[in-house]
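Trainee: Below are the chains, spelled out letter by letter.
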Amino acid sequence: NAGVTQTPKFQVLKTGQSMTLQCAQDMNHEYMSWYRQDPGMGLRLIHYSVGAGITDQGEVPNGYNVSRSTTEDFPLRLLSAAPSQTSVYFCASSLTGSTSGNTIYFGEGSWLTVV
Amino acid sequence: GDSVTQMEGPVTLSEEAFLTINCTYTATGYPSLFWYVQYPGEGLQLLLKATKADDKGSNKGFEATYRKETTSFHLEKGSVQVSDSAVYFCALRSYGGSQGNLIFGKGTKLSVKP
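Same order as they appear, the protein sequences are chains B and A. Going by my numbering, 64 is the number at position 64 of the first sequence; the sequence numbering is gapless. When you read off a place in the second sequence, starting at 1, and then add 1000, the result is the number in my numbering.
Read the hints as simulated data drawn from the structure, not as lab findings. All of these numbers come straight from a predicted model, not from anything done at the bench. Note that beta-carbon positions come from the ideal geometry of N, C-alpha and C, so glycine has one too. It cannot be assumed that every hint is accurate.
Unchecked claim - Listed below are the simulated BS3-like cross-link pairs for lysine-lysine, each with C-alpha atoms no more than 27 Å apart in a straight line:
| hint | chain 1 | residue 1 | chain 2 | residue 2 |
| --- | --- | --- | --- | --- |
| 1 | A | Lys1106 | A | Lys1060 |
| 2 | B | Lys9 | A | Lys1109 |
| 3 | A | Lys1109 | A | Lys1068 |
| 4 | A | Lys1068 | A | Lys1106 |
| 5 | A | Lys1106 | B | Lys9 |
| 6 | A | Lys1052 | A | Lys1106 |
Stated by the list, open to error - Computed footprint of chain A on chain B, listed as stretches where at least three residues anywhere in the stretch have a Cβ under 8 Å from a Cβ of chain A:
| hint | segment |
| --- | --- |
| 7 | 48-62 |
| 8 | 69-81 |
Said to hold, decoys possible - Listing some non-contacts, in silico: residues in chain A with all C-beta distances to chain B over 12 Å:
| hint | residue |
| --- | --- |
| 9 | Glu1042 |
| 10 | Lys1056 |
| 11 | Thr1071 |
| 12 | Lys1077 |
| 13 | Ser1111 |
| 14 | Pro1114 |
Work out the full structure, taking the sequences as your base and the hints as a guide.
Mentor: Okay, structure coming up:
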């Protein structure tokens, strides 16, 4: 059981470049989300989706774009990378977003450095 | 909006010491509460959870009780081990205030010395 799979695990980008962080889950989860983790800040929500074709912004959406064309995949696009986007990114999923008790499962993270 | 406050770290303990990490929350609606653990270089793993008032979550010797009257969900372990060294995150999930998303505290780094 693969769970939540993120690629790549490590990436170095130059300022202004664009890239996509991939996220896939094989648990037929409706809810998926992206967080970024920065020292002393905890985890902050970037974007989330409650089902295919539905996305919404979280706390820190600027500079990022998402789409949800299938239940399984939820890619995160950095449109024009900036050093402030240097962070660890986590994709997460759960059965639904409408029941607060459902556990949210996390991928192993993607370490992104923008130089 | 919803928020979680947990004690600042880092926390350094000797092996077999008692651990408490305080966590309090503010939420509209009726949140579920979670503790996640992150080992060095890894992602987040669910440690335990509680979905309603007075529920006690437990796992791997860790416990936390959902206290609605004090809006708290403190993490405890009676005897820590070196292998418990990690960052611990308290979080809430509420369909009302947070649209079903997890709201995290800033994390508490625990180091256990032999």
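Trainee: If a hint holds in the structure, say so; if it doesn't, say that too.
Mentor: To see whether the hints hold, each was checked on the structure:
no., hint, in the structure
1, A:Lys1106 to A:Lys1060, "holds, 22 Å"
2, B:Lys9 to A:Lys1109, "holds, 23 Å"
3, A:Lys1109 to A:Lys1068, "holds, 26 Å"
4, A:Lys1068 to A:Lys1106, "holds, 21 Å"
5, A:Lys1106 to B:Lys9, "holds, 23 Å"
6, A:Lys1052 to A:Lys1106, "holds, 23 Å"
7, 48-62, "holds (count 4)"
8, 69-81, "violated (count 0)"
9, Glu1042, "violated, 7 Å"
10, Lys1056, "holds, 15 Å"
11, Thr1071, "holds, 15 Å"
12, Lys1077, "holds, 21 Å"
13, Ser1111, "holds, 16 Å"
14, Pro1114, "holds, 26 Å"
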